[in-house]
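Sequences are here, hints too, so could you generate the full structure?
Those protein sequences? They're chains A and B, same order as listed. Start counting the first sequence at 1; every next residue gets the next number (the working numbering). Start counting the second sequence at 1001; every next residue gets the next number (the working numbering).
Keep in mind the hints are simulated off the structure, nothing from the lab.
Computed list of lysine to any residue pairs in SDA-like fashion (alpha-carbon distance at most 25 Å, straight line):
no.	chain 1	residue 1	chain 2	residue 2
1	A	Lys49	B	Glu1028
2	B	Lys1057	A	Gln2
3	B	Lys1057	A	Ser27
4	B	Lys1011	A	Gln45
5	B	Lys1057	B	Gly1016
6	A	Lys49	B	Glu1044
7	A	Lys69	A	Gly99
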Amino acid sequence: AQSVTQLDSQVPVFEEAPVELRCNYSSSVSVYLFWYVQYPNQGLQLLLKYLSGSTLVESINGFEAEFNKSQTSFHLRKPSVHISDTAEYFCAVSEGDTGRRALTFGSGTRLQVQP
Amino acid sequence: DTGVSQDPRHKITKRGQNVTFRCDPISEHNRLYWYRQTLGQGPEFLTYFQNEAQLEKSRLLSDRFSAERPKGSFSTLEIQRTEQGDSAMYLCASSLDRAGKSYEQYFGPGTRLTVT
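Structure, rendered in structure tokens:
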């Protein structure tokens, strides 16, 4: 069984400030890791993913996440946020090598960017 | 590529009624997933199909729930004898899953079910 913990349900931050959204997971097998974003009144969109290789992965809009196997973490960071980054962010995990692709999600972190 | 579509977007029903939701995946995608999301929570996996075969069902999927994917294209999720606890957003996702290819799931906009 797998589980994902997002410790922060809400993160308020001022525009142009850095932000980190925390994600820890638990799994008995190797994992693939994902961050999804849900903008107000929109569906879930994939932000970035870790499948293998470099432990640091980046998105096209300036977010990055680092897979830390020893700490079982996949924290999401952005050095300077914009108002448009206001959204709900979900961390998710699936099994890496078994072919089972069902996602286990965390409970989400609401990022609120203030001017 | 028109993305994953779901119909209806909203459904209000009375307790005890049956409801059916439809999901149309991205056309070449061979895997289709159903998730449920309640307020303040992340999506929870319900079931998934590879082509027309239903490969896994979560224990969340009680006997009142049934899903089909005839011919490996669109899928339907039916809930019989709805209960108030079934009120949630039902999400569909699809992916193209072959050895060495992307494991990204693309989500539809969801169907919001309200059971009164």
